[in-house]
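Student: Modelling step: build the complete structure from the supplied sequences, incorporating the hints.
Chain residues, written in single-letter form:
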Amino acid sequence: MTDILNAFVLLANFVLIPGLAYGSQLALGALGVTMVYSVLRFSNFAHGELMSFGAMFCVLITWGLQSAGISIAPLPTALLALPAAILLTIALALITDKLVFSYYRHQRSETVTYLIVSVGVMFFIGGLIRFIIGPDDRVFADGERFLLKARTFKDATGLSEGLAIKTSQGVTIMLAFMVVAALFWFLNRTKTGKSMRAYSDNEDLALLSGINPERVVMITWMITGALAALAGTLYGLDKSYKPFTYLSLLLPIFASAIVGGVGSPVGAIAGGYVIAFSELLVTFAYKKVISYLTFEQVVPEGLVQLLSTDYKIAVSFVILLIVLLIKPTGLFSGKTI
Amino acid sequence: MNKNVLILVGVAALAGLAYIFVAGEKGGMQTAEGPKIGIILGYTGPIESLTPDMAMGAELAIAEANNSGNFALGEVTSVRADSTCIDSAAATAAAERLVTSDKVNAIMGADCSGVTTAILENVAVPNGVMMVSPSATSPALSTVADNDLFFRTAPSDARQGEVVAEILKDKGYKTAAMTYTNNDYGKGLADSIKSNFEANGGTITISTAHEDGKGDYGAEVAALAQAGGEILIVAGYLDQGGKGIIQASLDADAFNMFYLPDGMIGDALPAAIGAGLNGSIGDVPGTDSPGAAKFAEMATAGGFTAGPFAPESYDGAALILLAMQAANSTDSEVFKSKVMDVANAPGEKIFPGDLGKALKLISEGKDVDYVGASAVELVGAGESAGNYAEIEIKGGKNVTVGYR
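Heads up: the protein sequence lines correspond to chains A and B, in order.
For the first sequence, the working numbering begins at 506 and goes up steadily by one.
For the second sequence, the working numbering begins at 277 and goes up steadily by one.
Hint data in this document are derived by calculation from the structure and do not stem from the laboratory.
Note that CB positions come from ideal geometry on N, CA and C, so glycine has one too.
The reader is advised that the hints may include incorrect statements.
[To be verified] Listed below are the simulated BS3-like cross-link pairs for lysine-lysine, each with C-alpha atoms no more than 27 Å apart in a straight line: (1) 654/A - 673/B; (2) 642/B - 673/B; (3) 636/B - 614/B; (4) 614/B - 379/B; (5) 570/B - 670/B; (6) 490/B - 792/A; (7) 570/B - 633/B; (8) 673/B - 490/B; (9) 670/B - 654/A; (10) 450/B - 792/A; (11) 570/B - 614/B; (12) 450/B - 659/A; (13) 490/B - 654/A; (14) 450/B - 570/B; (15) 625/B - 614/B; (16) 570/B - 625/B; (17) 614/B - 445/B; (18) 447/B - 673/B.
[Stated by the list, open to error] Covered stretches of chain A (in silico footprint by chain B; criterion: 3 or more residues with CB under 8 Å from a CB of chain B, positions within the stretch not fixed): (19) 576-584; (20) 635-649; (21) 789-801.
[To be verified] Far from chain A, some chain B residues (derived; all Cβ distances over 10 Å): (22) 502; (23) 656; (24) 670; (25) 679.
Tutor: In structure tokens form, the structure reads like this:
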């Protein structure tokens, strides 16, 4: 019995908890990508940098609060800074839309034009971030680091495997759940949300029925900005804030959105967890788990690892390929909200 | 379907563009009569937090030579270029620009082993331009066909592997897990540590690569933890995967002792990780020679810190200038033969701040033995013999506990 518990705790510590947190961060990122895609009809490559931008302001404001001695310990101060960071990110999203994307919208440009434009915006924001905060790693997590320490868990249960839950992981999962619930309520229950879905479903019909397109676009960018700042901050809080990483985060985020079905919010969330868990499960070494569950004699010499962790990023692409070949619209048949 | 494919293509294009993005260049045209030295380092990329101090170190040596008025070949100027540390194509293009457009007489750089090899083979050797790298430590560079144009003030990792194995043996470690950054530096160092550690009777339970530039290293640590070991050797970069691996190990309670080779030693690491790193050990090229302390003072006065490889960068630039003076030429093919003469005995020992004196001695036809900031002693094909400071992390600081 103890062995089974040990095996479970081992998996929970290295796969379940990190997967839930990472999956939530991917899901929030993919939600932003999917919102832009379904309403504005293009793949916004600047989303990663938008996340980074929000996280950057959260870092700066957190530092300000820390030096002013304001804290909400044991929770991280960053949560207090988050609303302001969200507002600033929304402002940036609206400004880029006003200065850049609205021009192409009025031109009724092709999707591919948008895509390239968004790459340009991505480079611009990336440069702006380096200009403001620099390229270095920034640590801004404070408060109590762990909800549950591995050592405490071992002492309390007497098991030989520890289970650690970081505050940032707990906060990530909680906040992601709350935000997703709020977003679904907004899209399905409010008039504005319904008008957004109508616009995304059929633009011309929505215009005929009197929906103001500029307002829909504005609200989309506001939601996207808020989601981006939240996802970026949670990711930075859980790992550490470094501008470089948000560029590479774009790949799993797009994979999540596509696997779930681009344009489908439920799909984006499911996709986030699918990508996160498959990355972790495929590259995990099961030797210890097997040794807990079986007899000494049958435990193999090797690590029992399906794929070396070097290939972690390839996992999302393999899933992406399979989905595109078998069910191109994604798990949740995307396209409209 | 079409749009999805489009996105895929876009994502692929993006990965390519990302490299172009990090390959931006710095520097500009300067006009002067004297020789020009290209300083090519990764101002963007995985070691971007170290390179500003390294460049300042090299520029300090150039300024010192200029201010002394003893340099016979005119006013020395320098121009920076970005090696990116990881992107060989971008580094080659940047070096190409230095040689063809800026017409540099010698190159102080590059930093990381992979790009250094690329620049050496594609630009330096074909154009006959001498290179002195302050930080490329791959063992492969000892035997590369360099036409005698390549020198380094950093030692080969083959030597560091011996030092690591010695330190681990002295501390009583018998088993270790190891992870290395997936490039020439990481692979070379890991192989060297593994063979030396096993020759000393130790066991490496797992030796696996990690990619830099990711935010999350949970999966890598999970694999390492399953293999087990008394200590985790992290042959990576402190700004990058190395730090992520350590943080994730501590968070998951996978390892609590770490061995940190040179790429992992910097003030930023203990500051970022905190108390969890106390008691961990490591090594970094360093020396108790008076030159190091002198250089640290000069660096502070010059407004930068004598961080990792900044002393080697100062020495790299100084060696180029001294060799030019000794050969009385700014042609790499001519002064390359003088590097070993000015770097090694016999002659008067030259420390940082003494460049003016050294230039004067050389012009008088006397021998100099450049010691510099990193106790330079060039061996083999022109690489530093390797002095290492043994580091222990105590109270959140890198403390030097001895020299090897």
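Student: Each hint needs a verdict: does it hold in this structure or not?
Tutor: Results of checking the hints against the structure:
1. 654/A - 673/B: Holds: residue 654/A and residue 673/B sit about 25 Å apart, inside 27 Å.
2. 642/B - 673/B: This hinted pair is violated, its Cα atoms lying about 43 Å apart.
3. 636/B - 614/B: 16 Å, holds
4. 614/B - 379/B: Status holds; Cα separation ~21 Å.
5. 570/B - 670/B: With a Cα-Cα distance of about 25 Å, the restraint between residue 570/B and residue 670/B holds, given a limit of 27 Å.
6. 490/B - 792/A: 26 Å, holds
7. 570/B - 633/B: 15 Å, holds
8. 673/B - 490/B: Holds: residue 673/B and residue 490/B sit about 26 Å apart, inside 27 Å.
9. 670/B - 654/A: 23 Å, holds
10. 450/B - 792/A: Holds - the C-alpha atoms of residue 792/A and residue 450/B are around 21 Å apart, at most 27 Å.
11. 570/B - 614/B: Judged against 27 Å, a Cα distance of about 25 Å means the pair holds.
12. 450/B - 659/A: 26 Å, holds
13. 490/B - 654/A: Holds. Residue 490/B to residue 654/A sits at ~25 Å (cutoff 27 Å).
14. 450/B - 570/B: The hint is violated at about 39 Å.
15. 625/B - 614/B: 16 Å, holds
16. 570/B - 625/B: 14 Å, holds
17. 614/B - 445/B: 40 Å, violated
18. 447/B - 673/B: 19 Å, holds
19. 576-584: violated (count 0)
20. 635-649: holds (count 4)
21. 789-801: Per the Cβ count (5), the hint holds.
22. 502: 4 Å, violated
23. 656: 32 Å, holds
24. 670: Per Cβ check, residue 670/B is outside 10 Å of chain A; nearest 20 Å; holds.
25. 679: Consistent with the label, residue 679/B stays out of reach of chain A, its closest Cβ about 29 Å off (over 10 Å).
In this structure, the earlier hints numbered 2, 14, 17, 19, 22 are contradicted, and the remaining ones agree with it.
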